[in-house]
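Produce the complete structure using the sequences and hints provided.
Each chain, written out:
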Amino acid sequence: MRFDPVSLASGAAIAALGALLLFDSAGTVDVSLGWMAVALTGAVGAILVLSGLLGRNGRHD
Amino acid sequence: MSATAGPTPLLRDPRRGLVAGVLAGLARRTGIDAVLLRVAFVVVAVATGGLALLAYLIVWAALPAAEGGSAPLTRFGRVARSPGGWRVAIGAALLTLSALLAFRELGIWWSDALVWPVVLAAFGAALLWGRWQRGGVGEAEADALPGSEAAHPRPSPDAGHAVSRVAEQYSGIFGVLLVIGAALLFLSSNHILGGLRDAALTGVVVVVAVALILAPFLWRLGRNLAAERAERIRSQERAQLAAHLHDSVLQTLTLMQKRAGDPREVSALARRQERELRDWLAGGGDREGAASLASALRSAADAIEDDHRVAIELVIVGDSELDAAAEAVLGAAREALLNAAKHAPDSGPIRAYAELGPAGIELFVRDRGSGFDPAGVAPDRRGVRESIVGRMDRAGGRAEIRSGPDSGTEVGLFIERDPGSRDGSE
Numbered sequence: 063m064r065f066d067p068v069s070l071a072s073g074a075a076i077a078a079l080g081a082l083l084l085f086d087s088a089g090t091v092d093v094s095l096g097w098m099a100v101a102l103t104g105a106v107g108a109i110l111v112l113s114g115l116l117g118r119n120g121r122h123d
Numbered sequence: 018m019s020a021t022a023g024p025t026p027l028l029r030d031p032r033r034g035l036v037a038g039v040l041a042g043l044a045r046r047t048g049i050d051a052v053l054l055r056v057a058f059v060v061v062a063v064a065t066g067g068l069a070l071l072a073y074l075i076v077w078a079a080l081p082a083a084e085g086g087s088a089p090l091t092r093f094g095r096v097a098r099s100p101g102g103w104r105v106a107i108g109a110a111l112l113t114l115s116a117l118l119a120f121r122e123l124g125i126w127w128s129d130a131l132v133w134p135v136v137l138a139a140f141g142a143a144l145l146w147g148r149w150q151r152g153g154v155g156e157a158e159a160d161a162l163p164g165s166e167a168a169h170p171r172p173s174p175d176a177g178h179a180v181s182r183v184a185e186q187y188s189g190i191f192g193v194l195l196v197i198g199a200a201l202l203f204l205s206s207n208h209i210l211g212g213l214r215d216a217a218l219t220g221v222v223v224v225v226a227v228a229l230i231l232a233p234f235l236w237r238l239g240r241n242l243a244a245e246r247a248e249r250i251r252s253q254e255r256a257q258l259a260a261h262l263h264d265s266v267l268q269t270l271t272l273m274q275k276r277a278g279d280p281r282e283v284s285a286l287a288r289r290q291e292r293e294l295r296d297w298l299a300g301g302g303d304r305e306g307a308a309s310l311a312s313a314l315r316s317a318a319d320a321i322e323d324d325h326r327v328a329i330e331l332v333i334v335g336d337s338e339l340d341a342a343a344e345a346v347l348g349a350a351r352e353a354l355l356n357a358a359k360h361a362p363d364s365g366p367i368r369a370y371a372e373l374g375p376a377g378i379e380l381f382v383r384d385r386g387s388g389f390d391p392a393g394v395a396p397d398r399r400g401v402r403e404s405i406v407g408r409m410d411r412a413g414g415r416a417e418i419r420s421g422p423d424s425g426t427e428v429g430l431f432i433e434r435d436p437g438s439r440d441g442s443e
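In order, the protein sequence lines correspond to chains A and B. Using my numbering, you'd call the opening residue of the first sequence number 63 and step up by one each time. Using my numbering, you'd call the opening residue of the second sequence number 18 and step up by one each time.
In short, the hints are calculated from the structure, not lab data. Honestly, I wouldn't trust all of these hints.
For the chain A half of the interface with chain B, some residues (derived, Cβ under 8 Å), not all of them [said to hold, decoys possible]:
1. 96
2. 103
3. 114
Residues of chain B placed beyond 12 Å of chain A at every Cβ, according to the derived structure [as the list claims (entries may be wrong)]:
4. 53
5. 117
6. 122
7. 235
8. 278
All C-beta atoms, glycine included, are put in the ideal place defined by N, C-alpha and C.
What follows is the structure, given as structure tokens:
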């Protein structure tokens, strides 16, 4: 099985977003819409940057 | 301080710096003490509510380091232009947006009416700056001219390059739109747009009128540029054609003059040149590293012609991948051609005809030599028995040999293919 860092990072980011939503629903933390936008744009941006940088090495293009 | 203002370029000096070396580099460039600059920077940062920090970041991104290497912004630009770079660019934009939103949530914020227009304008200016630095504005304009694409076909027509080309062409337009949008957003947010509406309308009318006046001239200018580019490309193609003819045809003609005393060699040279020229005209190019049966057959025929100084007329219809069945046919055909070259060298050209297709392969090799009796071949002669008949049998095909005294020899090779099992071994 080939190690794919982009998939791993993407999965981790999505899992973190899911955990954030879960904690918000459970009332453990109170995440406002503004902070959710911060988390969402940050996660998507990080995934795209990582994917683009590794794709340059021919692993994903 | 030894460094003084003069020809020294402004560079970051991370070795002497506390953070990223921007102020240290500025001190080296201006000759002002770095400590003084740092104190002044802290004062300005506090006075502007942190705006100077943003300026620091921008200068850091734009300046190369004194040790060498390019500026972070330049490196990012190179990454963004590479294949897959659009993901890096959009990702970086999203990360920037995320950071801005975080600052906003934290209260480190100036005003929506200021920050968002500035961010939009910065992105637009970055796009325009990158486009201008690559010198691509003129190229993009020329590409947009009528007929220019047909006159300037570009290499590498794969999807990735096509996407990059589209992104390249539209990044400048997108940058302009971003800057205009930022300006309109700023004016609208600060309630200035209403007062400027009449003036803006006047400006638009003037611009449209000027555009209408200049349109014929601009159109003709564009057409002239496209025609000039097309002529330049035609001239390059003529030069390439002349170079190819010089390297191939003229060299062969010279060789033929030198070997005029050997008609067989002259004939072989002429035929080889003819085939090469036909291949080149058909866009086949060189046959080095043949990957198909047709090109492998041509290479084999060429080699036998050269080695044995015989003429081989090879006609091929279709083509086929060089799988196990094709390898068997190739080996058997090579043996048949070789036999004809060895045993009928002076009986006129050897003729070979091949039909190559996905359903099967048929190939005939015929010479007008003295012929032989296939049944009378000695058991220890393995050329026909093993290299042709046996080889075809093992690959699931068959070989038919028709020969007789003074009637020449014809070798027929046949193999049918099952589309579902092309990997049969010989």
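If you test the structure against every hint from before, which numbers come out violated? Per hint list: 5, 6 violated.
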